[in-house]
Amino acid sequence: MSIDLGSRPRLAPGCRMEEKTHEPRTLLMPERALRLNGPSLEIVERCDGQHTVQQIITELQQRYSKAEPAKVQEDILGYLALLEKERALDFEPRNT
Amino acid sequence: MNEPRSNPLALIAELTHRCPLHCVYCSNPLELEARTTELSTEEWSRVFQEAAALGVLQADFTGGEPLTRPDILDLIRAARAARLYVNLITSGLPLDESRLEALVQAGLDHFQLSFQGAREEVANEISGTRAHAQKLRVLEWLKRHRIAVTLNFVMHRRNIEQLPEMLSLAESSSASRVEFANVQYYGWAFANRDALLPTREQLTHSIDFLKKAQERLAGKIKVEYIVPDYYARFPKPCMGGWARKLMLITPSGEALPCHAAKVIPGLAFENVKNRHLSEIWEVSDAFERFRGESWMQEPCKTCDRRALDFGGCRCQAFLLAADATATDPVCSLAPQRPKVDAILLTINSRVAQASASALTTTISGDATEPRRTDSSAGASVAAPTESKPAWRYRPNPS
Numbered sequence: 000m001s002i003d004l005g006s007r008p009r010l011a012p013g014c015r016m017e018e019k020t021h022e023p024r025t026l027l028m029p030e031r032a033l034r035l036n037g038p039s040l041e042i043v044e045r046c047d048g049q050h051t052v053q054q055i056i057t058e059l060q061q062r063y064s065k066a067e068p069a070k071v072q073e074d075i076l077g078y079l080a081l082l083e084k085e086r087a088l089d090f091e092p093r094n095t
Numbered sequence: 000m001n002e003p004r005s006n007p008l009a010l011i012a013e014l015t016h017r018c019p020l021h022c023v024y025c026s027n028p029l030e031l032e033a034r035t036t037e038l039s040t041e042e043w044s045r046v047f048q049e050a051a052a053l054g055v056l057q058a059d060f061t062g063g064e065p066l067t068r069p070d071i072l073d074l075i076r077a078a079r080a081a082r083l084y085v086n087l088i089t090s091g092l093p094l095d096e097s098r099l100e101a102l103v104q105a106g107l108d109h110f111q112l113s114f115q116g117a118r119e120e121v122a123n124e125i126s127g128t129r130a131h132a133q134k135l136r137v138l139e140w141l142k143r144h145r146i147a148v149t150l151n152f153v154m155h156r157r158n159i160e161q162l163p164e165m166l167s168l169a170e171s172s173s174a175s176r177v178e179f180a181n182v183q184y185y186g187w188a189f190a191n192r193d194a195l196l197p198t199r200e201q202l203t204h205s206i207d208f209l210k211k212a213q214e215r216l217a218g219k220i221k222v223e224y225i226v227p228d229y230y231a232r233f234p235k236p237c238m239g240g241w242a243r244k245l246m247l248i249t250p251s252g253e254a255l256p257c258h259a260a261k262v263i264p265g266l267a268f269e270n271v272k273n274r275h276l277s278e279i280w281e282v283s284d285a286f287e288r289f290r291g292e293s294w295m296q297e298p299c300k301t302c303d304r305r306a307l308d309f310g311g312c313r314c315q316a317f318l319l320a321a322d323a324t325a326t327d328p329v330c331s332l333a334p335q336r337p338k339v340d341a342i343l344l345t346i347n348s349r350v351a352q353a354s355a356s357a358l359t360t361t362i363s364g365d366a367t368e369p370r371r372t373d374s375s376a377g378a379s380v381a382a383p384t385e386s387k388p389a390w391r392y393r394p395n396p397s
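Listed in order, the protein sequences are those of chains A and B. Per numbering that gives the first Met the number 0, the very first residue in the first sequence carries number 0; after that it's consecutive. Per numbering that gives the first Met the number 0, the very first residue in the second sequence carries number 0; after that it's consecutive.
Isolated chain A, as found in the complex:
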């Protein structure tokens, strides 16, 4: 599985954030729940079907400007791959 940087991830059917606004927030999904805080929350909040993977990376590289950009990218792609494996994400294809 390799992730296309131009695709737009969004939460799959049956996956949604718990309806409250204070951290840690929880991603609810079939038979599972994931506690999210800090970077994991910032990634999932951007999986809205609007941001491309590249845009998520760029935004978080700016937000974490003290961290090595390549490391930020690696972490984000790793986390997206994990969510994909959990079937928590659908990837809208690159704009045609």
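Mixed in with the good hints, there may be bad ones.
[What the hints assert, rightly or not] Covered, in the sense of this in silico footprint (three residues per stretch, anywhere, with C-beta under 8 Å from a C-beta of chain B), are these stretches of chain A:
id, stretch
1, 4–14
2, 17–25
3, 76–88
Hints are computed from structural coordinates only; laboratory data are not their basis. Ideal Cβ positions, reconstructed from N, Cα and C, are used throughout, including at glycine.
Let chain A serve as the given structure and place chain B on it in line with the hints.
Same frame as chain A, now just chain B:
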């Protein structure tokens, strides 16, 4: 108590014990609760509010068949209003496409459809009714709605060889998850155990087959496999530990730590009609009895695995060792393990004998049907050669 009290994460809501199916491994107790004793819409709504306040995240609507409740849409709305995630665990009967649409509109999060097999004949035999064709229709309707779908195939000796066909069915559906859950032996399944337990050979083939499927389908379908714990080396962490993560409410409102807890003698259960859910979670005798580790005997008491499996299943300890505080007899370290080994030996040698005599019949030319040799999908095991067992079917409550 050896650890700080956690809060339950999921509420298993047995909305009714009524069901159009009569499955021979039903997880309901042998003593079913009557319709007249079922909680009302308002009572369930209060339970959902109390559960959410206690920290519960998910409600699993099950039964019996939850769709037999005429107020199912109100119950979904009530659970969503309490900010719970709503799972529906259903046979797909009684349902038509407009009712499915209404379930989705009401806020259902996850639709879990159970299957008794991949082929009509065995599926209908197991459920004691004609349900399979309807399930195939439900699969088609589900493709047209944006909802998470899990298929749940309940596996045993009579259908485990249909595994490749079951997987194909899942791949042609809109499911993002598929569970192949071997029967575990409580209640009705315990009563029908000798006809349901797979052979060791069947089990080994199925594990190999599903490992490959898991790799091939990664990112497309999440494939889960649950083996029968009689064949395991260590017990399952039943319910995630007694009274640690889950709470079950029966149709009449009794609060149980697990589906089968009522088989254990001497446990006192509380009813949600009389007490707040958080109070029940904190002080109910049934919940307190096997919480933590103080009830444990050796070898559990000093075992390194006790924080992983919590000593296994209390109900199974009672059913197999006549002592609910014993180490789960399926554990290879349990003093009572020889009982489980004896059961497995009996089943495996009986099936082997049946196969051998069927083979003799085939060679001598008396067989009426050729043996099934199609192994193109990868899991080739000899087809069952036993005749239809004398099943104990689950009846419908009054």
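These are the hints, each one checked on the structure:
| no. | hint | in the structure |
| --- | --- | --- |
| 1 | 4–14 | holds (count 4) |
| 2 | 17–25 | holds (count 4) |
| 3 | 76–88 | holds (count 4) |
Every hint, counting from the list given before, is met by this structure.
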